[in-house]
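K.L.:
The lines below spell out each chain.
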Amino acid sequence: MGTTGSTQDKILLERLRDALLSKDRQSVAEVKHIVESKEELSKRINPIITAHMKELEENFPAPYIEVVQKIVDQRMRQKQDELINILYPRLGLLIRKYINNEFRLLRERLDQVLKESYSYLRFWKRKTADEIIIDLRPSIVEEVYIISHESGLLLGSASSTETADKDMIAGMLTAIKAFVEDAFKRTDEELRGIQYGNYEIMVHNFFNYYIALAIAGTISEQERDELAEKILAFAARELNHDLQQPEPAFYAHMQKELDAYFIKPYKALPQ
Amino acid sequence: MISKKVVITGHFGVGKTSLFNRFITNTFNEKYLTTIGVRVDKKSVIVNGEEISLIIWDLAGEVSQEKVPRSYFLGASAIIYVFDLSRPATFSRLEDDLVYINSVLPNVLIRKVGNKKDLVSDQTLKDIRAQTQPHFFTSARTGENVEELFEGIARKLLRPFSNPE
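Those protein sequences? They're chains A and B, same order as listed. For the first sequence, numbering that gives the first Met the number 0 assigns the number 0 to the initial residue and increments by one for each residue that follows. For the second sequence, numbering that gives the first Met the number 0 assigns the number 0 to the initial residue and increments by one for each residue that follows.
Some hints here could point you the wrong way.
[Said to hold, decoys possible] Derived SDA-like pairs (lysine to any residue); straight-line CA-CA distance at most 25 Å:
| hint | chain 1 | residue 1 | chain 2 | residue 2 |
| --- | --- | --- | --- | --- |
| 1 | B | 42 | A | 248 |
| 2 | A | 165 | B | 125 |
| 3 | B | 41 | A | 252 |
| 4 | B | 125 | B | 147 |
| 5 | B | 42 | A | 175 |
| 6 | B | 155 | A | 167 |
| 7 | B | 42 | A | 167 |
| 8 | B | 41 | A | 110 |
| 9 | B | 66 | A | 175 |
| 10 | B | 42 | A | 158 |
| 11 | A | 255 | B | 108 |
| 12 | B | 155 | B | 108 |
| 13 | B | 155 | A | 179 |
| 14 | A | 165 | B | 66 |
| 15 | A | 165 | B | 52 |
Read the hints as simulated data drawn from the structure, not as lab findings.
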């Protein structure tokens, strides 16, 4: 008797549930369909995302600009050396190209003036001073060094001749450079070369390193310009990153690149 | 191989170049030849199987470190401040000089070295130790503690946190 009563209660309860929850069950089924159907879900969510994106796009600067600026500032401060190492040679190249172009134009104008003034000289085959210098003694890049400005530690080198210890040369060169720059109290000027006899050390300064070329023979102004341009191009290509603590593999890589870029082309020239 | 710049500095005639020569070439010259500007040399040191190249800058002596071109210190990983144990004038400015060096190179490894140990008595050494608290008493003439000084620096530069001061 008790069992029959309990079964009837269950049936009644189920009917009651059906009556009360039918609408809810229908709604749940609809929601389930939407959630499980990608198409239906996109139809409903996409307008919300689009609206949010639009709002973010329109109002982005207001709430986030400070945070973004802080992150960018921090990142730039951390990567300051790297950024300068990237920009320095490129700026140098631009300035050099501009100056060269202006000189070329000036030379052309001068040539024109001279031609018009002394037209009879056109019969003479005259060599320029540069051509005469090159004819006398061709110059050869014998050694090349990349040296840290502050510590004088060697970052890379290549050489066609046997020389004294390269670390020592880098240190002494930096010491001489520091001495000259310090002794004359010209903080805005930097040593750009050392000459002795027919030998010259050409120095090209960058932000936290410098490149020194040891050149045998007399170098003409045109060659000097070409070498300076070559150095800038090399720095822009190979030294556009933080050089504070280079990996050991960097030295071997630099030796190979410096040799290929500066030393080998001169080895190929007839002496 | 890792390379580090080490600067030897101090008053005139305290034996900086003698320490430098003793360490680099294991030689000692009785003649005093003043250093003009700076001399740079290098020596490789092996510590626990690891090799480090010390690029050593031997600076010309100055009565005050403020007179040394600032650029000579830049990029140094260690400074050896040398004074002459037989001439108190060479360590009378020691603290001021170290404050200046620290202002140029914050947190640089500094070694205070009393040189010419062979010229002074044990009592004098004791007094100077109390006054200056040096890291080493050396003698470039006999070679005493010279290797230890540079090897200690090499060890510290390779493993900055491994050994207590």
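K.L.:
If you draw a straight line from the CA of residue 125 of chain B to the CA of residue 147 of chain B, is it 25 Å or shorter?
P.N.:
holds (20 Å)
K.L.:
Decide if the proposed pair is consistent with the structure: residue 155 of chain B and residue 179 of chain A, CA atoms, cutoff 25 Å inclusive.
P.N.:
Distance ~33 Å between residue 155 of chain B and residue 179 of chain A Cα, so the pair is violated.
K.L.:
Is residue 165 of chain A within 25 Å of residue 52 of chain B, Cα to Cα?
P.N.:
It holds: about 12 Å lies between the C-alpha atoms, which stays within 25 Å.
K.L.:
Within 25 Å, alpha carbon to alpha carbon, are residue 41 of chain B and residue 252 of chain A?
P.N.:
Status holds; Cα separation ~23 Å.
K.L.:
Checking one constraint from the list: CA of residue 155 of chain B to CA of residue 108 of chain B, max 25 Å. Satisfied?
P.N.:
Satisfied, since the Cα-Cα distance of roughly 8 Å is no more than 25 Å.
K.L.:
Would you check the hint for residue 66 of chain B and residue 175 of chain A, treating anything up to 25 Å between C-alpha atoms as holding?
P.N.:
Between residue 66 of chain B and residue 175 of chain A the Cα gap is close to 17 Å, so the pair holds against 25 Å.
K.L.:
Residue 155 of chain B and residue 167 of chain A: Cα distance at most 25 Å?
P.N.:
Since the Cα atoms of residue 155 of chain B and residue 167 of chain A sit roughly 22 Å apart, the hinted pair holds (cutoff 25 Å).
K.L.:
Can the restraint linking residue 255 of chain A and residue 108 of chain B be considered satisfied, given a maximum Cα separation of 25 Å?
P.N.:
Roughly 34 Å separates the two Cα atoms, so the pair is violated.
K.L.:
Does residue 158 of chain A lie within 25 Å of residue 42 of chain B when you go C-alpha to C-alpha?
P.N.:
holds (21 Å)
K.L.:
Taken at face value, is the distance from the CA of residue 125 of chain B to the CA of residue 165 of chain A at most 25 Å?
P.N.:
Between residue 165 of chain A and residue 125 of chain B the Cα gap is close to 43 Å, so the pair fails against 25 Å, i.e. violated.
K.L.:
Decide if the proposed pair is consistent with the structure: residue 42 of chain B and residue 167 of chain A, CA atoms, cutoff 25 Å inclusive.
P.N.:
Holds - the C-alpha atoms of residue 167 of chain A and residue 42 of chain B are around 10 Å apart, at most 25 Å.
K.L.:
Is residue 41 of chain B close enough to residue 110 of chain A, meaning Cα to Cα at most 25 Å?
P.N.:
Violated: residue 41 of chain B and residue 110 of chain A sit about 54 Å apart, past 25 Å.
The structure does not agree with the numbered hints 2, 8, 11, 13 and 14 stated previously, though it agrees with the rest.
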